[in-house]
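Engineer: Put together the whole structure using the sequences plus the hints.
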Amino acid sequence: MAHSHTAKRYSGLMDWLTTVDHKKIGILYLIAGGFFFLVGGLEAILIRIQLAYPDQHIFIGDTFNQLTTMHGTTMIFFAAMPVIFAFMNAVVPLQIGARDVAFPFVNALGFWLFFLGGVLMNTSWFLGGAPDAGWTGYAPLSTITDASSATTLQHNIMGTDFYVLGLQIAGIGTLIGGINFLVTIINMRAPGLTYMRLPMFTWTAFITSGLIVLAFPAITVALVELMFDRIFGGAFFDAARGGNNVLWEHLFWIFGHPEVYILILPAFGIISEIVSTFSKKRLFGYSSMVFATVLIGFLGFMVWVHHMFTTGLGPVANSIFSIATMAIAVPTGVKIFNWLFTLWGGQIRFTTANVFATAFIPTFVMGGTTGVMLAIPDADFQYHDTYFVVAHFHYVIVGGLVLGLFAGMYYWWPKMFGRMLSETLGKIHFWFFFIGFHLTFFPQHFLGLMGMPRRVFTYQPGHDLEMGNLISTVGAFLMGIGTIVFLINIISTWAKPKTAVADPWDGRSLEWAIPSPAPEYNFKQTPLVRGLDALWKEKMAGNKEMIPAEPIGSIHMPSPSILPLTMSLGLFIAGFGFMYEHYIVVGIGMAVTLISMFLRSVYDDHGWHIEPEELEDKGGRA
Amino acid sequence: MSTHQTGVLPAHPETATLEGKNKVLGFWLFLGAEVVLFGCLFATYIALRNSVPDGPTAEELFKLNTVAWSTFVLLTSSLTSVFAIMAMHKQKLGQLLFWLLITVLFGLTFLGMEIYEFTEYVHEGHKFVTSAFSTSFYTLVGFHGAHVAFGICWITLLILQGLKKGLTVVTAPKFYVAALYWHFIDLVWVFIFTVVYLMGKVGH
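If you're matching them up, the sequences are chains A and B in order. Just so we're aligned, residue 0 is where the first sequence starts under numbering that gives the first Met the number 0, counting upward by one. Just so we're aligned, residue 0 is where the second sequence starts under numbering that gives the first Met the number 0, counting upward by one.
I should point out that these hints are in silico values taken from the structure, not numbers from a laboratory. All figures in this text were calculated on a predicted structure; none of them were measured in a lab. Built from N, CA and C at the ideal position, the CB exists for glycine as well. Heads up, some of the hints might be wrong.
[As the list claims (entries may be wrong)] According to the in silico footprint, chain A covers these stretches of chain B (three or more CB under 8 Å from chain A):
1) 24-34
2) 78-86
3) 128-136
4) 183-195
[As the list claims (entries may be wrong)] Computed list of chain B residues with no C-beta within reach of chain A, every gap over 12 Å:
5) Asp53
6) Leu104
7) Gly202
Structural biologist: This is how it looks when you write it as structure tokens:
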């Protein structure tokens with residue numbers, strides 16, 4: 000063939016370091032995100048140990064601040080986001096009948112930037128102290144760099160630098176990941192797969208990617224300003240030179256609120272897939288579900304001030320943002336009822352995935368209810384910065400997102416790894432985690448209403464706070480046990496042979512039309528989509544597999560490359576250079592990145608081909 | 000270089016392949032993210048532009064004369080980049096590279112004038128650390144300047160690639176998105192000229 004080039008194929012570790020295959024990148028995201036989830040979870044357990052009894056002295060002062068800051072930042076940016084990206088990588092190209100994502104190279108770059116950003120931030124534990132200004136990094140607390148005025152920080156004056164540079168590097172990775180999935184979903188859909196036939200998870204991945212593209216630049220700017228203030232002596236947040244620290248709050252939350260929807264929308268998508276599959280019914284109100292997703296994404300940008308009701312922006316601003324916030328409850332309610340009506344009258348199978356999904360629904364409603372309570376500015380003055388807020392956002396993020404992610408893991412594990420997770424261990428995992436979750440966070444509503452402030456490292460006896468805190472700590476340990484059961488499940492599954500069938504759940508969407516795990520080229524022949532729930536449609540028409548939209552031919556694949564890793568490593572090195580103000584190191588790091596970009600631009604990737612004979616060998620069907 | 004002319008390129012070589020289509024769409028989306036980035040920088044500048052407890056104010060500092068000249072130079076470079084893409088659509092590689100070279104030269108001129116302007120300001124006591132106004136000024140205008148500098152390096156590299164690889168369905172999307180990028184940073188400058196310099200002179 001004229002364009003056939005000999006492929007550079009790697010094996011072992013080099014295969015993983017150079018891969019541009021979305022399925023392998025998805026697994027990398029899952030492993031890295033899972034690792035950071037364990038780190039963040041450990042930090043949470045330590046926080047709960049300190050708060051188990053009143054007046055304890057285990058992790059006090061700045062150490063406690065480091066724990067809460069790192070727990071929040073790690074969980075949001077380095078655990079939840081990458082696991083979402085893991086599913087987007089593993090599932091979206093399969094659901095749209097594509098052979099790959101639009102930008103396989105950029106996809107790999109996004110992963111390495113995220114991963115090295117997370118590593119950079121976590122090295123702070125060993126280099127003088129972790130970030131300690133809260134995951135929200137409010138100025139002027141986060142701008143303190145003067146050792147003499149920072150005695151309360153116990154000379155941990157560099158921690159926030161790790162926060163700034165770690166998030167900045169990871170943020171670039173997330174941004175380009177978002178662009179990649181938008182283009183993938185717009186340009187790479189199989190013939191016949193119109194927008195209103197997209198599986199719900201793909202729809203939510205699409206909207207989430209759009210939110211990423213429009214929200215992440217705001218935190219980029221916020222972090223740049225904080226970095227310039229800390230490292231170059233800028234005056235953005237220095238009131239003495241005319242700076243304004245409310246600016247940080249605005250920029251942070253203009254990013255931060257859409258981020259909440261970036262997190263939860265994919266979970267909505269996962270729940271929609273699972274509830275529909277295990278009820279053996281088409282998703283109730285599909286088009287209203289799509290509309291609700293778009294509307295939530297749109298309104299998500301209109302509500303950031305509800306994090307700032309007590310900042311003092313005045314009654315008009317507070318009222319407008321209050322009403323906008325309550326309005327989001329409407330499309331969210333639409334979704335809740337659609338899930339309930341999907342279950343209604345269905346042939347429900349309570350697999351582990353579906354148990355997580357059905358547990359998600361009432362738990363998320365509870366988080367949503369406290370959200371509407373918090374949207375009332377007058378009441379928020381009471382709730383603000385108390386454990387009521389902590390309870391609320393853990394109900395939506397853990398009770399919503401994390402239950403959704405666990406559901407997704409049990410559901411798509413066979414497609415990602417070719418092995419079925421144990422259902423028995425899965426149920427044990429579920430009950431420990433679910434009961435532990437409610438024990439941990441339900442009492443925190445009342446602790447908050449009784450006035451216990453968040454981010455404070457202890458409380459005094461005799462204020463009726465003891466019981467709630469002790470229950471909360473016990474619950475945290477139960478969640479930890481649940482997570483350990485999950486790890487045991489993964490390890491014991493690993494030891495088994497790859498026996499998962501193509502379609503273990505009697506699925507409805509295209510990813511179940513190909514073998515488990517998906518072959519490197521995904522689809523031997525691009526499928527023709529003839530309706531919503533494309534695979535189900537063919538099953539009902541009596542077809543055993545999808546109708547192909549093209550003849551069998553040789554398949555073009557992108558070449559693996561080490562450049563995504565070296566580009567990211569360059570920024571990682573430069574990040575340390577900035578923090579320690581060694582500009583030679585910055586120069587070296589930037590040079591590594593720019594040379595990698597130069598090489599990428601100059602040497603065109605012609606890719607390689609999988610020939611039809613090889614397809615037959617691998618036994619894939621359309 | 001004419002040896003690289005294939006003569007059989009489609010009418011829009013930048014979107015003739017799926018890779019090209021993806022690249023152009025992805026770049027538009029990237030520019031959407033850049034709009035938010037500069038939007039936030041503008042918002043910061045507008046919030047802080049009158050916070051000058053110490054140091055010169057915008058009105059004392061800016062000289063519309065020099066700024067008008069750099070505006071003229073940069074906007075002209077946008078025109079020359081349009082000529083480059085028109086030449087690309089006519090499949091005239093020589094003209095394409097010539098106009099890109101002119102674009103780069105205008106860009107370099109602009110950058111030189113900006114560096115000169117910043118040096119002047121520093122001598123007048125308007126340093127990065129002077130006030131919230133000065134910090135936000137240098138950050139906004141400097142971010143734009145850094146984009147110009149990156150664009151100059153990028154387009155220079157593309158000119159060299161054009162000499163070596165010619166005009167193909169692989170190189171055409173590269174030229175096209177670089178031109179999009181160049182238009183975008185010119186557009187940002189129009190807003191900087193208005194919001195920073197004109198409003199700095201007359202609007203308080």
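Engineer: Confirm or reject each hint.
Structural biologist: Checked hints:
no., hint, result
1, 24-34, "holds (count 7)"
2, 78-86, "violated (count 0)"
3, 128-136, "holds (count 8)"
4, 183-195, "violated (count 0)"
5, Asp53, "7 Å, violated"
6, Leu104, "21 Å, holds"
7, Gly202, "18 Å, holds"
The earlier numbered hints that this structure contradicts are 2, 4 and 5.
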